[in-house]
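Residue numbers (this note's numbering), protein chains in the order written: chain A, 1 to 143; chain B, 1001 to 1135.
No lab work stands behind these hints, which were simulated from the structure alone.
Careful, some of the hints might be misleading.
[Stated by the list, open to error] Cross-link-like lysine-lysine pairs, in silico, DSSO-like; alpha carbons within 27 Å at most: (1) Lys135/A to Lys42/A; (2) Lys1008/B to Lys14/A; (3) Lys1034/B to Lys50/A; (4) Lys1045/B to Lys21/A; (5) Lys50/A to Lys1008/B; (6) Lys1030/B to Lys111/A; (7) Lys18/A to Lys1088/B; (8) Lys1030/B to Lys93/A; (9) Lys14/A to Lys1106/B; (10) Lys1048/B to Lys14/A; (11) Lys1048/B to Lys1034/B; (12) Lys114/A to Lys1048/B; (13) Lys91/A to Lys1030/B; (14) Lys73/A to Lys50/A; (15) Lys50/A to Lys1048/B; (16) Lys1030/B to Lys18/A; (17) Lys69/A to Lys1088/B; (18) Lys1041/B to Lys91/A; (19) Lys1135/B to Lys91/A; (20) Lys1048/B to Lys132/A; (21) Lys1048/B to Lys18/A; (22) Lys1135/B to Lys14/A; (23) Lys1048/B to Lys91/A; (24) Lys114/A to Lys1088/B; (25) Lys1045/B to Lys114/A; (26) Lys69/A to Lys1030/B; (27) Lys1106/B to Lys111/A; (28) Lys111/A to Lys73/A; (29) Lys21/A to Lys1048/B; (30) Lys1034/B to Lys91/A; (31) Lys111/A to Lys1041/B.
Treat the numbers as computed from the prediction; the structure is a model and nothing was measured.
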Amino acid sequence: MSRRISVLVIDDEKAIRKVLKNELTLCGFEVYLARNGRIGIKRANKLAKKGKIEVILLDWMMPGMDGLKFLSKLKHNNMTENIPVFMLTAKSKIADIDRAYDIGADDYITKPFKVIQIGNIIRRKLQKLAEKKSKQMVVMNIN
Amino acid sequence: MDESTTEKIIDWATVMNVCGYESLVETIIKSGLKDARQALKLLAKAIKAANSADVALYAHRLKGVGMTMGATGLSEKAYRLECAGDEKDIETAASLLGDVEDEFEKVTTFLSESDWIEAARQQQENRQTEQLETK
Chain A
1 MSRRISVLVI DDEKAIRKVL KNELTLCGFE VYLARNGRIG IKRANKLAKK
51 GKIEVILLDW MMPGMDGLKF LSKLKHNNMT ENIPVFMLTA KSKIADIDRA
101 YDIGADDYIT KPFKVIQIGN IIRRKLQKLA EKKSKQMVVM NIN
Chain B
1001 MDESTTEKII DWATVMNVCG YESLVETIIK SGLKDARQAL KLLAKAIKAA
1051 NSADVALYAH RLKGVGMTMG ATGLSEKAYR LECAGDEKDI ETAASLLGDV
1101 EDEFEKVTTF LSESDWIEAA RQQQENRQTE QLETK
């Protein structure tokens, strides 16, 4: 049995939040939800304080604080800057993807996605990220 | 509903990809319809106010909800409106709104039928058969 991973899903589309909550819970994730960036920031800070957040799935186009504004705020806060953020958005142009990476996104998943694959996708991406970080640590230690 | 003649309003394969399980489809469609209705209202308001950023935002939301529900026609039409919003072209956006509203009407009518799931599934099977026959 895989370890339970805590994930915060930030999306303004209720149907997407429902589908993800259902599927990710079935896949053994602990799922927290927020319907926009402003609520997402509050929730991320609260969860980070408790050490209860390991990854954020983030929509881009949301009213009020959009995904990129959220990302920028998150990455400029010592408490939350190291939380991996995977964009989950229908914005799929190369320029959009580059922009999100420039602001600090760790990975990118485009909508529509196959929900039954989402759990494995997140686990794989987190594993890749951990491997990348450990390689960077080795290089830093050698230098 | 006569699934052999009805136009494809809900793409069953798409909705199943998003929902994963048939047991979730009705819940998601119900929630999607609510989201879409709200996005459409806000979209019309944004066009009236000539607010292109909001036009792009709410058309994008409608496109996303359409994809979630498997309403591919609605999603495509909303995408055209999103592009008009991105290009700050309110005139084009206003001219496309009617198309989007008509498509949404088709979606709600289709979904109001008690046997819509069966019809959408049957349409999917018919398309697969047609594809196999043309190969």
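Verification of the hints:
| no. | hint | verdict |
| --- | --- | --- |
| 1 | Lys135/A to Lys42/A | violated (32 Å) |
| 2 | Lys1008/B to Lys14/A | holds (24 Å) |
| 3 | Lys1034/B to Lys50/A | violated (35 Å) |
| 4 | Lys1045/B to Lys21/A | violated (31 Å) |
| 5 | Lys50/A to Lys1008/B | violated (48 Å) |
| 6 | Lys1030/B to Lys111/A | holds (20 Å) |
| 7 | Lys18/A to Lys1088/B | violated (33 Å) |
| 8 | Lys1030/B to Lys93/A | violated (30 Å) |
| 9 | Lys14/A to Lys1106/B | holds (22 Å) |
| 10 | Lys1048/B to Lys14/A | holds (26 Å) |
| 11 | Lys1048/B to Lys1034/B | holds (22 Å) |
| 12 | Lys114/A to Lys1048/B | violated (36 Å) |
| 13 | Lys91/A to Lys1030/B | holds (25 Å) |
| 14 | Lys73/A to Lys50/A | holds (19 Å) |
| 15 | Lys50/A to Lys1048/B | violated (46 Å) |
| 16 | Lys1030/B to Lys18/A | holds (11 Å) |
| 17 | Lys69/A to Lys1088/B | holds (21 Å) |
| 18 | Lys1041/B to Lys91/A | holds (22 Å) |
| 19 | Lys1135/B to Lys91/A | violated (34 Å) |
| 20 | Lys1048/B to Lys132/A | violated (49 Å) |
| 21 | Lys1048/B to Lys18/A | violated (32 Å) |
| 22 | Lys1135/B to Lys14/A | violated (40 Å) |
| 23 | Lys1048/B to Lys91/A | holds (25 Å) |
| 24 | Lys114/A to Lys1088/B | violated (33 Å) |
| 25 | Lys1045/B to Lys114/A | violated (33 Å) |
| 26 | Lys69/A to Lys1030/B | violated (30 Å) |
| 27 | Lys1106/B to Lys111/A | holds (24 Å) |
| 28 | Lys111/A to Lys73/A | holds (24 Å) |
| 29 | Lys21/A to Lys1048/B | violated (36 Å) |
| 30 | Lys1034/B to Lys91/A | holds (22 Å) |
| 31 | Lys111/A to Lys1041/B | holds (23 Å) |
Checked against the numbered hints given earlier, the structure breaks hints 1, 3, 4, 5, 7, 8, 12, 15, 19, 20, 21, 22, 24, 25, 26, 29 and satisfies all the rest.
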